[in-house]
Structure formats: structure tokens, C-alpha cells
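Asks: The lines below spell out each chain.
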Amino acid sequence: MTRTRRLALSALLTAIPFAASGCGGTTSQGAGSGQPAGTTGGSAHRVVISDFAFHPSTLTVPVGTKVTFVNEDSTVHTATGSGGFDSGNLQHGQSFTYTFTKAGTYNYICSIHQYMHATVVVTGK
Amino acid sequence: MKRLAGSYRGAPDAICAVLTVTGLVIDAVVHLRLASRYDPIGGTLNQGVLFRVEAVVAILIAAAVLLAPWRRAVYAGAFVVAASAFGAVMLYRYVNVGSLGPLPNMYEPIWFGQKTLSAYAEAGALLSAGAGIISTWRPAHRNT
Chain X
1 MTRTRRLALS ALLTAIPFAA SGCGGTTSQG AGSGQPAGTT GGSAHRVVIS
51 DFAFHPSTLT VPVGTKVTFV NEDSTVHTAT GSGGFDSGNL QHGQSFTYTF
101 TKAGTYNYIC SIHQYMHATV VVTGK
Chain A
1001 MKRLAGSYRG APDAICAVLT VTGLVIDAVV HLRLASRYDP IGGTLNQGVL
1051 FRVEAVVAIL IAAAVLLAPW RRAVYAGAFV VAASAFGAVM LYRYVNVGSL
1101 GPLPNMYEPI WFGQKTLSAY AEAGALLSAG AGIISTWRPA HRNT
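Going down the list, the protein sequences come from chains X and A.
Just so we're aligned: 118 in the numbering used here is position 118 of the first sequence, and the numbers increase by one with no gaps anywhere.
Start counting at 1 in the second sequence, then tack on 1000, and there's your number in the numbering used here.
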């Protein structure tokens, strides 16, 4: 193997994990009740948007949990809910993370496809 | 106005025109109501813009049907508009065709109230406009 080929191979091997980890996706950070994300130290949960629905449709988490909404559909969706959280437009592969800092029931929808609705139930610690 | 009043040969012609106009107007109203919601889908030529264009064209053709129901070209226009709207809603309901050139990906495999209403209205307009084309083809009608 020539030096050029070795260099090309090593560059390729370096690029693969980088591409697999973040290519095409962006992450926004939000916070409940005006607090910066990550200050409450809660665990993380995911809501997947696929087939024009939120999965799971009801998610129960303790206060301080970060919930990440990931759009796996080919079209644009949002996660827009009570309590002031709004992902904005999420293209395919994009995600939005929000930290729920107050207990309560948060109903949310996709503001484009408003028949898509789901709930995050935030319980006290 | 005299021409307008005399432009219907009978109840079937009038019903045909009214159904076509009603279908196109419902189609236009639904598209206008939903347009802003669909603005984020696509770029410059986004789904909201396409909805508004569809609504304006439907309203113009509906007005033409009202004003000149004796003209075959008007019914042909109504038929094309209704067919394109109905064809699009059925295509994007059942087939994920992705983006087509400048057209955004409008795939939405769900029926909901306004969409269903619009599809029925478009189908009704399509059928009545087809009947209007046949009606205005009758030899007796060409002589009026």
C-alpha cells in the first residue's frame, strides 16, 4: 500500500464515526420555566416522530428530565406544546431537546399537522 | 344578465354549474385556510404557496363558470383544476413521491376533516365539470 493510499484510508476511517454521529442532524436546546438546559441533571428520554405520529404518545418523566424530539419522517414536523416549548421546524433527522423543570401535563402537537398530538407527563421527584 | 339567465337550458345545466362552483369554492376555502400552516414545507415554492395558487385558480374558474356556463372551455378549465387538485391529494395521501423538481415533498398519509372535505369537493367538481363539458357539447346547445 502506497503512502497516499494509507493516508486516504486513515482519513476515511477517521471520518466514518464523525459522519455517523452527527451528519444531517442538528440539536436545539430548550429549557422549561426559563432555566438553561442541563442545569437540573435529569435523565434523557426520546420521542420519535415517525409516520406522522409521536412515539410514545404519552411519556411520563420526573422533573428535570431532558426530552429529545427526533424527526424521522421525510417531511417537516414540529413539537409545539403548552408550557411554552416549541421545537420550531424539524427537518428529517433533526432533533430538539427540552428540559421539563416543572411538574405537570404538557400536551403538544405538530403545528403543521395538527392532528398529531401527544403528551408529556412530568411528575414530582 | 339576460344572456346569463338564458344560459341554462334547464335544471340539469343549472345544477351542474352550481355543483362545479360549490366544489371549487370549498376547495379554495380549505386550501386558503390551511396554506399558512404548510408554509414550512419546501423552499420558495413551498406547500403553502402552492395551496394559495390552487385556491386563486379555483376561485377564478368558479367565477368563470358562474359568468359563462354555456362555454365548454370554462368547464374544461374547471375539470382540469379539479382533476389536478384531486389527483394531487390522492397521490400525496398514498404515495411518498418525495420532492419533484421545484415541488416540495407533500406526502401526508393521513385523512383529516378539512382534507377529506376538500377531496370530496374536488371529486364533486370534477364530476360536475365533466358533465358540464358533455352538456355544452350537445348540438342544440351549440346553436344557442
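One should not assume that every hint holds.
Below, a sample of chain X positions facing chain A; criterion: calculated Cβ distance under 8 Å [said to hold, decoys possible]:
| hint | residue |
| --- | --- |
| 1 | H55 |
| 2 | F85 |
| 3 | N89 |
| 4 | I109 |
| 5 | I112 |
| 6 | H113 |
| 7 | Y115 |
| 8 | T123 |
Hints listed in this document are in silico derivations from the structure and should not be mistaken for laboratory results.
Every residue, glycine too, gets a C-beta built ideally from N, C-alpha and C.
Asks: Now tell me, hint by hint, if it's right for this structure.
Replies: Now for the hints, and whether the structure bears them out:
| no. | hint | result |
| --- | --- | --- |
| 1 | H55 | violated, 15 Å |
| 2 | F85 | violated, 17 Å |
| 3 | N89 | holds, 5 Å |
| 4 | I109 | violated, 11 Å |
| 5 | I112 | holds, 6 Å |
| 6 | H113 | holds, 7 Å |
| 7 | Y115 | holds, 5 Å |
| 8 | T123 | violated, 31 Å |
Of the numbered hints stated above, those contradicted by the structure are hints 1, 2, 4, 8, listed in ascending order.
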